[in-house]
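Based on the hints, put chain B in the right spot on chain A.
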Amino acid sequence: MTERPGSVVIDVAVEPESIDLVQNAFETWWTSLGDDSLETRFSFETAIVEIAANVVEHSRRSDADHGRRFTLELSATDDRLTAVFHDNGMPSEIDLSAVSMADLEDEDGRGLALALLSLESLDYEHVDGKNVWTLVCRR
Amino acid sequence: MLSIRVDSLEYNRVTLTPQGRLTLLTAPQLREEIVARLAAGDRLIVVDLSGTTFVDSSGLGALVSCLKSARQAGGDLRLVAPTEQVSMVLRLTNLDRILKPRASVAAALDD
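The listed protein sequences correspond, in order, to chains A and B.
If you count the first sequence from 1, you need to add 259 to reach the working numbering.
If you count the second sequence from 1, you need to add 6 to reach the working numbering.
Bound conformation, chain B alone:
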């Protein structure tokens, strides 16, 4: 299963750190959390993937959906430190073009 740590920051920014596998089973959980953060007023959503061991196409779909929602709300969604399998699927699907990973949370916040 997936656990998601949520760290609220000042200036309507939030960091989410999903731990585990982001798949058909767990993607709705991440999507609901991000939708809730946007509804609460957060605008910069940083998803720290350093503890996410595996992402499938459902997980990728959730990230794309949340990126679009964030941008529609005038914000952004940024990925941080994907693990090796996650980097592979981002590359194979070309999604690294619109979800370009940052090396660290600090880099994602400062960008």
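If we strip away everything but chain A, and leave its shape as in the complex, we get:
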């Protein structure tokens, strides 16, 4: 983990256990910001966990390479919080404009919809062989 004021970067394996590491890093970073808005915190944290889980699940479904890793950079300005994920997994074919909330009795299909509802913006692109997710939350 590397740090500069208001910013943190973690680099972890693409595996379910990393979800906890992401949340631990988020908690430390959030505390360092001194922001006491629980609504902002929970919205941003929820979206970050959903995208981290999406990276892990996408790799589990599409990729036999067990050496994958992802990075998460968290940064803050006076009015925005930003999280950027990079991973070297297979490209995703996701169309975020087509995402909608699952029906009540469905057991999955809520993750990206929840992330979209929790953020000001969510973008995905495949750049230089990497999947890049950019999450922005207003504070």
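Among these hints, one or two may not hold up.
Among the chain A residues that face chain B by a calculated CB cut under 10 Å, a handful are [as the list claims (entries may be wrong)]:
#	residue
1	Ala-272
2	Pro-275
3	Glu-276
4	Asp-279
5	Arg-300
6	Phe-301
7	Glu-304
8	Thr-305
9	Val-308
10	Glu-309
11	Ala-312
12	Leu-363
13	Asp-367
14	Gly-368
15	Gly-370
Taking beta-carbon pairs under 7 Å as the criterion, some of the chain B residues facing chain A (in silico) [said to hold, decoys possible]:
#	residue
16	Leu-15
17	Thr-29
18	Leu-30
19	Gly-57
20	Asp-62
21	Ser-63
22	Val-70
23	Ser-71
24	Glu-90
25	Gln-91
26	Met-94
27	Leu-98
28	Thr-99
29	Ile-104
30	Leu-105
It is worth saying that the hints were derived from the structure and are not from the lab.
In this text, all values refer to a predicted model and were calculated from it rather than measured experimentally.
Don't be surprised by glycine CBs; every beta carbon is placed ideally from N, CA and C.
For chain B alone, kept in the frame of chain A given last:
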């Protein structure tokens, strides 16, 4: 990680109290515990969320799955005292319509 306290009650009722984060990593643990309780004959499953600090979509999926299993077995699953983040995701996903939280374990048992 998640720890789950299990309190068996009379009349085929049980209270489960997960402590920690209910996510992709830990949701299978809660699902397995509830499936085991249903297999053992419990019919009213009360999930006390007062110590559950965070739930993601995998955790929500586990709760929906277990609600359906409980109802198929002729029982029910009821949530109690969700924390602020958990209330938020229940509301955003509209799941508070089918998993309407009760204020206390006593209220969930008496309902």
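Results for each hint:
no., hint, verdict
1, Ala-272, "13 Å, violated"
2, Pro-275, "5 Å, holds"
3, Glu-276, "6 Å, holds"
4, Asp-279, "6 Å, holds"
5, Arg-300, "8 Å, holds"
6, Phe-301, "4 Å, holds"
7, Glu-304, "7 Å, holds"
8, Thr-305, "6 Å, holds"
9, Val-308, "5 Å, holds"
10, Glu-309, "6 Å, holds"
11, Ala-312, "4 Å, holds"
12, Leu-363, "5 Å, holds"
13, Asp-367, "5 Å, holds"
14, Gly-368, "8 Å, holds"
15, Gly-370, "4 Å, holds"
16, Leu-15, "27 Å, violated"
17, Thr-29, "5 Å, holds"
18, Leu-30, "4 Å, holds"
19, Gly-57, "16 Å, violated"
20, Asp-62, "5 Å, holds"
21, Ser-63, "4 Å, holds"
22, Val-70, "5 Å, holds"
23, Ser-71, "5 Å, holds"
24, Glu-90, "6 Å, holds"
25, Gln-91, "4 Å, holds"
26, Met-94, "5 Å, holds"
27, Leu-98, "5 Å, holds"
28, Thr-99, "5 Å, holds"
29, Ile-104, "5 Å, holds"
30, Leu-105, "9 Å, violated"
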